[in-house]
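Take a look at the letters that make up each chain.
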Amino acid sequence: MSTTHNCPACLAPFTVHSPLSHYYVCTKCKLLLHKTKKDDWEKDTTAKSVYTDKIASAFWIGDTVKVKGVDYTLVSMAGYKGNYFEWDEDDGTYRGADHYRFIEVRLQDDKGFFVSMIEDEEGFAISQRVIPPRSCIPEETSKGDVAFFELKGNGSKLEQGNYKPTSFIGEFSYKPDIDETTYYADILPNEGSKHGKLSVEWQLENKIPHSVDFFEDISYKFSNTASLIQNEAILARAKPLIWAKHSVFLFWGLAMAFLIMAAIMKVAGENFIFKEKFSYGLYDGFQKDSVVSDEIVLEDVGAMYELLIENAPGSSADQSLDVSIDVIDASNRIVNSFDTDFFIESGYDDEGAWTESEKEAKLMLRLNQAGTYRLLITCTNISAYNNSISGDLKVTLNKTHVLRYYMFGFGICALLGFVCLQLEAWYMYKYFKKSVGFFATEYAQVFWGIVGLIIIAIIFTV
Amino acid sequence: MLNLQIGSSIKVKTTLYKVAAYVLYCSEGEYWAEWRLANDSQQGFWLAQDSNGLTLYEELPEKPTIDVYEAKVANLVKVNGMDVWPTANYKATVVEARGDAGVRENDFEEVVELVNEGSRFAIVAHHIELKLFKGELLTNKQVKI
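Just so you know, the sequences run in chain order B and E.
Going by our numbering, 380 is the number at position 380 of the first sequence; the sequence numbering is gapless.
Going by our numbering, 124 is the number at position 124 of the second sequence; the sequence numbering is gapless.
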């Protein structure tokens, strides 16, 4: 029963599959046409534009889609955007508004049976009209209140919201109107119902309920697209969508895994450079002593070195020791200096005796050039009440890495992941169908991979 | 739209019918088709198809106890002792009629659709006649043509 015509505006050929269809939105020029009594098609001069946002879908008019073993032809699509408010069971109120988009896809088989499919970022659902159970029929209405259903329905509330069409394409048995708002409430019927989640949808006219319908959606997840669509061309069209959707998470996961692995390898590969033990003895008239370490050869310019100083005091009496370390190059120039204090303090308070001590210090060192270095270590007794202290200082030098650089890397990855998600959402809605563009292709993964490697390289060379 | 010719057979669930008439309706810019189905019983059956699917309407012998104008959408009303909830109230114009349809082109009907627990109803006013129908939503698999 299909008939073929030409758009009176752009002359593009189009096929109408159903005698019920009295409206057609041209797939090329997007103009609304209507059928005349002579079965001709002419431009509908009364309508506003009925295609304001690009419909982003793996499907298109004329595609063949297999649903539950039956071949259907895709005859129309309508894009919608709206707001929804999720029900908070604990607070007993609806949460703040979130935005969403979906596409209604209408299919017809060769015998003239229709199927409606809803496509959103979660995947596909077959939508069918149902007779509601009692728990989903309101007791009464507040007559015109847009929340009239929400007030009285006694099924379990899930969410409510509203949506408006943004674009129509293909053939329709009703006049496309982008100004028509539909209100809805998603409800889980009381126990014992054969239905799952039901959607009650209503429209108002002059703030008075004009029509109400009840629908049930049977979901198909995106990962099962292949089971729903058996047409190779559509699968090929859907592939970059699925590929790129996964590639964001794949890249993010790989980048994080790489950083974690690199961190583990760095920590495991921390290598020992130098260790030396010095004894000190300070007393009245000799409160300061210096010693020079053996030569240390450091070749890795830009690497981080960790200087670990451990103090082993000769007694547990209260004492304070100041240790300054100068790093001296082969020309006896001081290229870096550090200073740290060690102490033992004790006393009594309400809870009895207490002791505090500081016996270990870590200092970080980075060199501008390779060479042979020595450490000039100066110990000074700075105890207030102890003129005689002694002990051992153990100095260890390890090549190491700084954790904060990894933390910085994780932060960059998290930020990048967020940017990826935003871009994914952007292209899924705007650019998937046609003019796919760079971000919606397999090349996106390569792009993000290169960006990630550059960022990681920058992190490791800073 | 279903490819049904007048005189052809159609099986709805387990019952075989003959297609006796075809009517194309329009209301507020929306079009839908109805076929009058006949079988051995004396009752009238109408198979309706709109963009949301198929519904089989069976004419009930009793007359509705309220007029179409009394049923406001989303306001609970009592019809023939049942609590029902109107879901739509509209004027349908006959665009095309073929066979023994009982209506002619440009005739109009006032229609109220109603639901209650597990059932769907319609009250149809045509001229001075008022009819009550019980509706059943059908899946595609329940109809064999």
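By construction, these hints were calculated from the structure, which means they are not laboratory data.
Mixed in with the good hints, there may be bad ones.
Unchecked claim - Derived list of chain B stretches under chain E, where covered just means 3 residues or more per stretch with a C-beta under 8 Å from a C-beta of chain E:
no.: 1; region: 95 to 104
no.: 2; region: 310 to 318
no.: 3; region: 339 to 347
Said to hold, decoys possible - Below, a list of computed lysine-lysine pairs in the DSSO-like style, where the Cα atoms sit at most 30 Å apart:
no.: 4; chain 1: E; residue 1: Lys141; chain 2: B; residue 2: Lys68
no.: 5; chain 1: E; residue 1: Lys18; chain 2: B; residue 2: Lys164
no.: 6; chain 1: B; residue 1: Lys48; chain 2: E; residue 2: Lys141
no.: 7; chain 1: B; residue 1: Lys175; chain 2: E; residue 2: Lys63
no.: 8; chain 1: B; residue 1: Lys197; chain 2: E; residue 2: Lys18
no.: 9; chain 1: B; residue 1: Lys66; chain 2: E; residue 2: Lys72
no.: 10; chain 1: B; residue 1: Lys37; chain 2: E; residue 2: Lys72
no.: 11; chain 1: E; residue 1: Lys72; chain 2: B; residue 2: Lys111
no.: 12; chain 1: B; residue 1: Lys111; chain 2: E; residue 2: Lys63
no.: 13; chain 1: B; residue 1: Lys194; chain 2: E; residue 2: Lys91
no.: 14; chain 1: B; residue 1: Lys197; chain 2: B; residue 2: Lys38
no.: 15; chain 1: E; residue 1: Lys18; chain 2: B; residue 2: Lys37
no.: 16; chain 1: B; residue 1: Lys175; chain 2: E; residue 2: Lys78
Stated by the list, open to error - Stretch by stretch, here's where chain E covers chain B in the computed footprint (C-beta under 8 Å, at least three residues):
no.: 17; region: 13 to 22
no.: 18; region: 352 to 365
Because the structure is a prediction, the values reported are computed rather than measured.
Glycine included, every Cβ here is placed at the ideal spot set by N, Cα and C.
Identify every previously stated hint that the structure contradicts and give their numbers, smallest first.
Those not satisfied are hints 1, 2, 3, 5, 6, 7, 8, 9, 10, 11, 12, 13, 14, 16, 18.
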